[in-house]
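6 protein chains.
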Amino acid sequence: MMRLSTPGFSRFIQAEQFNVTYGGGEANVALSLAQLGIPAEHVTRFPDNDLGHAATSYFRKYGLQTEHIVYGGDRLGVYFLEFGAISRPSKIVYDRADSAFAQIQPGMIDWEKAFENAGWFHWTGITPAISDGAAQTLLEGIQLANRMGITVTSDTNYRKNLWQYGKSVRDVMPELVAGCDLIVCGKHDARDIFGLEVPKGEENTWVATCRRIMQEFPRVKRIVNTKRESMSASHNTLSGMLWNGKNYLTTPVHQIVPIVDRIGGGDAFMAGLIYGLQQYQDDQKALNFAVAASVLKHSIEGDANLATVAEIETVMSGDTSGKLSR
Amino acid sequence: MMRLSTPGFSRFIQAEQFNVTYGGGEANVALSLAQLGIPAEHVTRFPDNDLGHAATSYFRKYGLQTEHIVYGGDRLGVYFLEFGAISRPSKIVYDRADSAFAQIQPGMIDWEKAFENAGWFHWTGITPAISDGAAQTLLEGIQLANRMGITVTSDTNYRKNLWQYGKSVRDVMPELVAGCDLIVCGKHDARDIFGLEVPKGEENTWVATCRRIMQEFPRVKRIVNTKRESMSASHNTLSGMLWNGKNYLTTPVHQIVPIVDRIGGGDAFMAGLIYGLQQYQDDQKALNFAVAASVLKHSIEGDANLATVAEIETVMSGDTSGKLSR
Amino acid sequence: MMRLSTPGFSRFIQAEQFNVTYGGGEANVALSLAQLGIPAEHVTRFPDNDLGHAATSYFRKYGLQTEHIVYGGDRLGVYFLEFGAISRPSKIVYDRADSAFAQIQPGMIDWEKAFENAGWFHWTGITPAISDGAAQTLLEGIQLANRMGITVTSDTNYRKNLWQYGKSVRDVMPELVAGCDLIVCGKHDARDIFGLEVPKGEENTWVATCRRIMQEFPRVKRIVNTKRESMSASHNTLSGMLWNGKNYLTTPVHQIVPIVDRIGGGDAFMAGLIYGLQQYQDDQKALNFAVAASVLKHSIEGDANLATVAEIETVMSGDTSGKLSR
Amino acid sequence: MMRLSTPGFSRFIQAEQFNVTYGGGEANVALSLAQLGIPAEHVTRFPDNDLGHAATSYFRKYGLQTEHIVYGGDRLGVYFLEFGAISRPSKIVYDRADSAFAQIQPGMIDWEKAFENAGWFHWTGITPAISDGAAQTLLEGIQLANRMGITVTSDTNYRKNLWQYGKSVRDVMPELVAGCDLIVCGKHDARDIFGLEVPKGEENTWVATCRRIMQEFPRVKRIVNTKRESMSASHNTLSGMLWNGKNYLTTPVHQIVPIVDRIGGGDAFMAGLIYGLQQYQDDQKALNFAVAASVLKHSIEGDANLATVAEIETVMSGDTSGKLSR
Amino acid sequence: MMRLSTPGFSRFIQAEQFNVTYGGGEANVALSLAQLGIPAEHVTRFPDNDLGHAATSYFRKYGLQTEHIVYGGDRLGVYFLEFGAISRPSKIVYDRADSAFAQIQPGMIDWEKAFENAGWFHWTGITPAISDGAAQTLLEGIQLANRMGITVTSDTNYRKNLWQYGKSVRDVMPELVAGCDLIVCGKHDARDIFGLEVPKGEENTWVATCRRIMQEFPRVKRIVNTKRESMSASHNTLSGMLWNGKNYLTTPVHQIVPIVDRIGGGDAFMAGLIYGLQQYQDDQKALNFAVAASVLKHSIEGDANLATVAEIETVMSGDTSGKLSR
Amino acid sequence: MMRLSTPGFSRFIQAEQFNVTYGGGEANVALSLAQLGIPAEHVTRFPDNDLGHAATSYFRKYGLQTEHIVYGGDRLGVYFLEFGAISRPSKIVYDRADSAFAQIQPGMIDWEKAFENAGWFHWTGITPAISDGAAQTLLEGIQLANRMGITVTSDTNYRKNLWQYGKSVRDVMPELVAGCDLIVCGKHDARDIFGLEVPKGEENTWVATCRRIMQEFPRVKRIVNTKRESMSASHNTLSGMLWNGKNYLTTPVHQIVPIVDRIGGGDAFMAGLIYGLQQYQDDQKALNFAVAASVLKHSIEGDANLATVAEIETVMSGDTSGKLSR
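Residue numbers (numbering that gives the first Met the number 0), protein chains in the order written: chain A, 0 to 325; chain B, 0 to 325; chain C, 0 to 325; chain D, 0 to 325; chain E, 0 to 325; chain F, 0 to 325.
I should point out that these hints are in silico values taken from the structure, not numbers from a laboratory.
Fair warning: there could be bad hints in the mix.
One copy or two, either will do: identical chains are not told apart, so a pair holds if it fits within one copy or between any two.
Taking lysine-lysine and the DSSO-like style, the derived pairs with C-alpha atoms no more than 27 Å apart in a straight line are [stated by the list, open to error]:
id	residue 1	residue 2
1	K245	K60
2	K284	K60
3	K60	K112
4	K284	K90
5	K284	K226
6	K186	K199
7	K60	K186
8	K112	K186
9	K166	K226
10	K60	K199
11	K112	K166
12	K199	K245
13	K322	K112
14	K245	K112
15	K60	K166
16	K245	K159
17	K284	K166
18	K166	K199
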């Protein structure tokens with residue numbers, strides 16, 4: 000999607016200019032991985048016009064491979080963003096109906112080629128919420144990935160304003176999640192997506208929820224989540240949690256103030272987690288890296304995290320001083 | 000529509016910012032009239048979101064009355080613009096499918112109220128090209144205007160990339176033009192819209208074409224047109240012509256260099272013509288004013304003409320020196 | 000007035016550009032009311048040049064009615080602003096001597112017409128401080144409003160650097176305040192404007208001061224004030240208080256950090272109060288709304304509050320989390 | 000004066016930002032001389048506030064000596080500028096009534112000190128047009144300069160919108176011009192300032208006018224002028240002429256297109272002339288240099304010429320190709 | 000190299016901001032080819048810091064392959080640019096001593112890998128002028144290309160301010176040119192580089208020069224050149240010529256006005272020529288395409304041409320009208 | 000040096016523009032003193048090109064005397080800066096090898112003339128770290144200053160990434176420090192520069208270190224230091240300490256949040272200290288002023304402090320409220 004954001008803290012009515020970047024859940028994760036040095040490819044569909052190709056160029060700049068983007072359809076999805084401050088929230092106006100991506104149909108992506116040399120396939124819950132074609136195209140990909148032994152991960156990310164094409168989240172998501180090795184899923188997601196509500200008991204409710212999910216989706220070996228508290232539009236805190244079937248891991252709570260750009264915090268977490276799992280082979284370290292990555296994302300303009308491995312590891316080590324080194 | 004233009008001469012692929020203005024054929028004419036001191040109202044449909052209301056605010060700033068804009072529908076139409084120079088043309092990417100305006104239906108506009116105190120109703124050939132609903136809503140307006148004795152004018156403005164909703168321009172336009180007192184129409188428009196092609200003869204071919212149009216549409220008392228020659232993206236010439244059933248009036252040829260912003264040149268001409276016909280009661284003066292207004296528009300950033308009556312009358316008088324007065 | 004502010008945190012000596020907006024006490028209150036959906040008109044005098052008309056256009060954009068602005072006089076008042084941070088205060092250089100508004104004379108405003116359909120008339124203590132003509136013109140308005148039964152409110156707002164035209168605040172203000180139904184007035188204002196200093200006693204000193212003001216000005220039925228504490232140029236707290244002759248109402252203390260633009264905080268409070276009194280018919284709710292509005296103003300660039308009713312009611316309800324909703 | 004210009008070609012009503020520079024007739028001449036390597040000092044009066052000191056800093060940046068600027072008075076003069084193009088003229092709104100400089104009084108400038116080491120004193124006809132105090136202060140300076148043997152030059156520059164303090168140009172200017180060694184004066188200036196109108200005769204009318212001026216003001220040994228023709232706001236031509244009592248010298252006609260910033264063209268000419276007379280000791284060369292300097296000024300943003308000696312000499316030599324040298 | 004250019008027409012002394020792009024002779028040619036759809040790779044050396052990687056990202060954005068860029072050395076070469084207008088030339092300050100590229104040594108580039116799948120190798124005369132290491136590294140490449148049958152082309156581009164490392168252009172260039180199939184070379188280049196000066200005779204002097212070059216360097220089968228005339232910094236004309244051993248081909252003379260950005264005009268020509276030779280297999284068409292490409296480059300901001308094949312073919316066909324198509 | 004900083008919080012890879020200012024340790028101290036009203040001169044060497052002269056102009060703007068800057072050498076040193084936020088540090092890329100200043104040699108500066116009327120000579124530990132020529136040129140200056148009775152101060156400021164010209168800090172610094180009356184020196188500096196490490200004992204370790212330094216360098220009468228703690232890139236605290244051989248003076252700890260621009264905080268401290276020592280003749284007051292100055296620097300964009308004496312004294316008095324005064 001094209002992101003058009005008002006400069007500084009100006010409201011839509013005031014804006015005489017928009018800053019232009021490009022992003023989207025999966026793209027943000029992939030772009031961040033590319034910046035961390037992990038080869039990453041974005042698979043999507045853009046219109047075959049100057050804007051679609053500008054989006055591709057943007058991703059290519061940041062090191063994403065873009066060979067399997069397909070071109071066609073009517074328009075590029077757009078979202079408009081104004082930044083909040085103090086107790087005024089940021090505001091988003093989506094304009095992505097009938098985007099080239101929403102019009103995607105099974106068969107358009109050559110998943111065989113796209114998955115050559117691939118080891119990991121990540122998707123978010125936005126994709127199947129957009130259109131039936133997107134959901135089915137995704138399913139193609141997941142099924143092939145499973146057959147090829149590629150790790151599949153998902154940020155389930157339920158948004159109730161989507162899912163307007165006639166099918167419900169509960170109809171569509173279970174089959175997709177069934178092909179996943181790891182998912183991001185909080186208690187509310189579990190309720191909304193799977194209809195799962197675990198009563199408060201002795202065990203941590205989220206862990207209990209995770210157990211239930213894993214029973215239902217035996218391929219899922221890890222479930223992760225972040226906890227964000229919002230003091231104000233300018234000040235949040237963040238921590239992470241991971242259940243791997245045995246251990247309930249958590250991280251320290253990070254202060255995030257003043258927030259520069261909050262969009263894509265979850266995608267930065269996910270990219271950090273994928274990086275961490277691949278590099279550290281240690282769930283706790285991976286989780287710490289993921290949260291540190293997400294914290295740093297809030298200091299970066301645009302949807303995607305541009306923090307470096309060194310910067311993330313510094314924060315992960317507990318040094319959040321932001322000290323200038325010359 | 001929202002207009003998003005790249006800064007300076009940068010191409011879409013280079014743009015990190017877009018300048019935001021709002022415009023559209025009828026809106027540009029009305030806005031220009033408001034700047035010339037003629038009370039003018041814009042009747043349209045915008046989405047009921049921050050962008051729709053920002054568009055209204057923009058028009059209101061420049062003195063347009065906006066009380067009869069209706070709100071609803073899915074999205075605001077957008078067009079993306081990059082400016083050409085030398086022999087590189089400016090480039091437009093339209094993104095207006097399914098705009099709130101395209102989704103308009105007869106009955107949504109309260110034409111009775113909108114026409115209270117109105118003396119003139121202007122429309123362009125873009126409107127009926129957008130959707131069947133837009134064409135029918137327009138027809139409602141024209142028919143009521145005719146019943147109320149309101150002057151009706153049209154810039155017929157055929158664009159072949161539009162007209163994709165199933166009806167053809169030749170099906171739709173005649174009934175609309177039949178309600179007009181004055182139209183902008185060139186030889187190509189006459190061929191494309193009415194299927195009229197007058198063979199070269201003794202008389203000026205355009206005049207001959209006008210005679211034929213007036214035979215077919217007896218309400219039409221005046222037909223006007225502009226002649227633009229393009230030396231380069233930065234240098235055009237412009238002149239005007241008017242046939243009022245008796246006289247073939249023309250204007251001097253104006254040099255336009257260097258072009259600052261070419262968009263809306265035709266709308267500035269039309270606004271100038273309406274102003275001129277109302278103020279001067281003299282076809283030649285009105286035509287001269289219209290062309291001078293259009294020339295000055297090319298020095299103005301944005302879709303709509305912000306030149307003043309005094310500035311236009313100076314150019315109309317033959318003084319194109321652009322001399323600074325302190 | 001035209002406001003020229005340096006970009007970011009740059010000082011006047013550094014500025015190569017100024018951002019241009021337009022504002023002023025009464026204008027800010029009216030503009031904010033218009034944004035809240037309350038029809039509002041600004042009555043003032045601007046020079047009859049491009050800058051005066053640009054100011055009108057600016058106000059019109061944000062929905063203010065501007066039909067009764069009169070044009071004439073020498074110049075538009077200007078103020079220059081640089082933004083402070085940390086412990087460096089913001090700085091203002093006023094340049095409004097001999098503005099068109101300062102040159103106003105009784106009779107220039109057609110108050111009868113301006114008050115058609117009006118239910119509320121608000122003024123600030125800046126106006127009578129500018130010039131004798133402004134004070135007398137205001138008096139005309141207040142007296143007519145009183146005769147017509149229009150509610151009159153004032154932010155008494157004493158600034159000692161004004162009041163340089165030969166009359167003192169104590170000469171002029173009592174007659175004006177006598178026509179008010181509600182005023183903003185703190186202890187220092189009471190001392191400076193009315194010479195009222197209530198010794199510390201059992202009762203809250205401000206309330207005691209309010210009692211004394213109400214004795215002297217029996218039309219005044221409510222007195223309000225805000226309490227701002229300044230931790231730094233970037234961090235303030237704010238709360239409100241209201242005395243209605245019976246009850247001493249207060250609000251929670253709000254944290255305001257980081258401040259985006261502190262100018263017009265008092266005007267946002269006043270607009271919120273007028274909105275609240277009209278909509279809720281409840282002093283406590285009105286006061287809460289007013290303070291919440293003022294808090295949100297600090298996140299808005301420019302003099303006037305552009306927060307929406309929904310945003311203000313969220314903060315007023317105690318939710319200051321600034322959480323993004325998609 | 001502070002100059003506030005709209006960006007690009009935007010009109011005042013469109014401007015959300017102003018570009019800030021500082022200038023004024025005498026300041027522009029002095030600044031340009033400083034850039035050409037001639038020590039130059041600007042003597043004026045600014046308000047003792049952040050804006051007055053910002054103006055001083057601006058001049059100091061470009062090498063002007065500012066030690067004898069005096070501080071006091073109410074405000075800094077301002078002018079607002081929008082740039083024209085094609086046949087739309089640039090537009091200026093002056094706001095300099097009651098500026099610190101207009102409020103100057105004899106005795107405020109310590110001319111003795113200011114003239115230490117000075118060899119040349121230049122003034123323009125704007126100064127005595129501003130206020131009686133400015134005219135008298137200037138007269139002080141001219142008289143002292145005459146006593147000290149300092150060359151005195153003037154750009155007589157009559158502007159009818161000035162001269163509003165009760166004295167007329169014909170009352171004031173003759174005494175001032177009487178102290179000059181060289182003046183810029185065209186036929187219209189001669190008529191407006193001295194009431195001199197020479198009928199068309201055998202001799203070039205301007206030369207005949209010069210003869211008459213020199214008879215009346217025997218100290219004046221050279222009179223110069225420029226001839227500007229305006230094809231459009233974007234395209235002018237320029238040439239120069241000089242009468243030294245014996246010879247009528249002229250220059251080639253230069254094409255100036257596209258104009259970047261036309262303000263200060265006359266001041267650049269004057270600075271070029273002073274430089275040329277000092278360096279070349281040759282009237283023709285000095286005149287050629289002056290015109291070339293003025294031509295190049297039109298390519299420079301801001302009031303004052305920043306062209307280098309080398310650039311000017313290239314143009315003066317007939318090479319107007321603007322060829323990039325690496 | 001990083002290019003830092005002042006905004007608009009401001010001079011270095013005025014600039015508070017620089018626009019940042021990246022370019023260089025060979026990079027510009029390759030980038031332009033990538034935009035024309037020809038796979039192209041840039042082989043160079045950048046410092047291993049954020050700036051070196053930003054340069055790579057910039058090239059990658061525009062579709063260049065960057066896999067064989069090597070990282071190391073001290074710094075990124077920089078050049079500073081201000082744009083001229085009218086008769087004021089653009090100005091460049093180079094700062095590329097000791098750049099990572101100047102410090103390159105034979106062996107650093109793995110030419111074998113870089114040339115895998117390559118069919119064409121282009122270099123410019125800037126490279127051997129920078130340092131001995133650069134010249135020798137280039138020689139490695141040329142020699143391998145010759146062995147592999149890859150077409151080698153060169154823009155010989157003599158700049159006298161370079162060549163400061165101890166060897167002269169005449170020492171170094173012949174061996175390099177000997178490996179070329181096509182070179183850009185004008186009469187002045189032939190004199191400066193090869194010491195070749197052909198006296199005026201019956202035949203066109205440039206053609207006679209070409210014959211002599213081809214005698215000396217039998218591998219060279221085509222020599223091309225452009226002829227630029229400079230009316231002003233804002234208006235140039237351009238045409239091209241090609242000698243292929245049999246025919247002397249020329250193109251129409253194109254008007255280029257107003258120039259947006261003149262840098263890289265020669266590189267755009269070269270990219271156009273390579274494209275044309277590959278696509279058309281026709282020297283005349285290739286030359287026409289090359290000149291049209293170069294003309295369009297002058298409308299593009301930045302060093303490299305972003306014109307499309309369609310745009311270039313329109314100009315090449317003689318349509319230089321720059322007409323907007325909707 | 001030229002400082003090129005990315006706008007807002009953008010990273011180098013994102014930057015399409017750089018903001019340009021000029022600075023450097025000694026320049027920042029001198030510029031800040033000039034802004035505080037203390038005549039100050041900057042002595043350095045710049046290249047004799049447009050960039051070198053732009054640097055001089057920049058300093059001149061802010062009131063620095065620049066008469067003894069010498070011109071020559073190859074290039075202007077540059078540093079690139081991106082601003083951090085939250086826990087992401089700011090980042091600097093230096094590019095100052097072979098700068099005109101690094102190429103300075105003894106004899107180039109006419110210290111006799113530069114020291115005419117001088118009472119104070121300040122240098123930083125960066126200078127001798129740059130090159131042998133710089134170290135020797137500095138030594139010339141210190142020795143002459145000592146002979147002339149000019150107070151000499153130094154911010155010893157050890158940076159391990161410098162010192163690459165063959166001599167070590169311990170070889171060079173002692174002789175330079177021996178000529179100083181006051182130095183800034185922390186415990187780490189003492190260890191790195193002088194090899195001094197005082198074991199923890201009864202006395203404050205820094206004071207003990209100071210005693211040892213003073214024994215070794217008897218001319219040094221005062222040693223000062225600041226203590227900065229970094230909560231995040233956006234929030235620091237700062238306090239100061241001074242040992243004058245008798246008393247150990249400290250200041251309150253100041254909160255600095257949100258940081259606008261942290262660069263030059265130490266130079267602002269030093270300028271404040273020099274101002275304070277000269278004006279107050281009281282070590283404690285001078286130290287308080289110095290820390291308050293440094294705190295305020297963090298609110299100023301650019302390397303050098305532009306806070307006024309009044310602003311600093313307000314903070315120094317304990318009022319850190321940043322309250323706007325109208």
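Structure-based check of each hint:
1. In this assembly of identical chains, the alpha carbons of K245 and K60 never lie at most 27 Å apart, being 41 Å within a copy and 44 Å across copies at closest.
2. Taking the closest pair of Cα atoms, K284 and K60 never come within 27 Å of each other, the shortest separation being 29 Å inside a single copy and 33 Å across copies.
3. For the identical chains of this complex, K60 and K112 are neighbours both inside a copy (22 Å) and across copies (23 Å), given an alpha-carbon limit of 27 Å.
4. Proximity of K284 and K90 under a CA criterion of 27 Å is satisfied inter-copy only: 26 Å between copies versus 34 Å inside one chain copy.
5. Taking the shortest alpha-carbon separations for K284 and K226, only the intra-copy value of 17 Å comes in at or below 27 Å, while the best inter-copy value is 33 Å.
6. Taking CA atoms no more than 27 Å apart as the test, K186 paired with K199 passes inside one copy only; the shortest distance there is 12 Å, against 54 Å between copies.
7. In the homo-oligomer, the alpha carbons of K60 and K186 never lie at most 27 Å apart, since the shortest distance is 37 Å inside one protomer and 40 Å across protomers.
8. Taking CA atoms no more than 27 Å apart as the test, K112 paired with K186 passes in neither setting, with 36 Å inside one copy and 52 Å between copies.
9. Proximity of K166 to K226 under the C-alpha cut-off of 27 Å is found in neither arrangement, the shortest distances being 29 Å within a copy and 53 Å between copies.
10. Proximity of K60 to K199 under the C-alpha cut-off of 27 Å is found in neither arrangement, the shortest distances being 48 Å within a copy and 51 Å between copies.
11. Taking the shortest alpha-carbon separations for K112 and K166, neither the intra-copy value of 30 Å nor the inter-copy value of 42 Å comes in at or below 27 Å.
12. Proximity of K199 to K245 under the C-alpha cut-off of 27 Å is restricted to the intra-copy arrangement: shortest distance 20 Å within a copy versus 48 Å between copies.
13. For the identical chains of this complex, K322 and K112 are neighbours neither inside a copy (45 Å) nor across copies (41 Å), given an alpha-carbon limit of 27 Å.
14. Taking CA atoms no more than 27 Å apart as the test, K245 paired with K112 passes in neither setting, with 36 Å inside one copy and 48 Å between copies.
15. In this assembly of identical chains, the alpha carbons of K60 and K166 never lie at most 27 Å apart, being 37 Å within a copy and 38 Å across copies at closest.
16. When the C-alpha separation of K245 and K159 is checked against a cutoff of 27 Å, the pair qualifies neither within a copy, at 32 Å, nor between copies, at 48 Å.
17. In this assembly of identical chains, the alpha carbons of K284 and K166 never lie at most 27 Å apart, being 39 Å within a copy and 43 Å across copies at closest.
18. In this homomeric assembly, K166 and K199 never come within 27 Å of each other (Cα to Cα): the closest approach is 31 Å inside a single copy and 61 Å across copies.
Checked against the numbered hints above, the structure breaks hints 1, 2, 7, 8, 9, 10, 11, 13, 14, 15, 16, 17, 18 and satisfies the rest.
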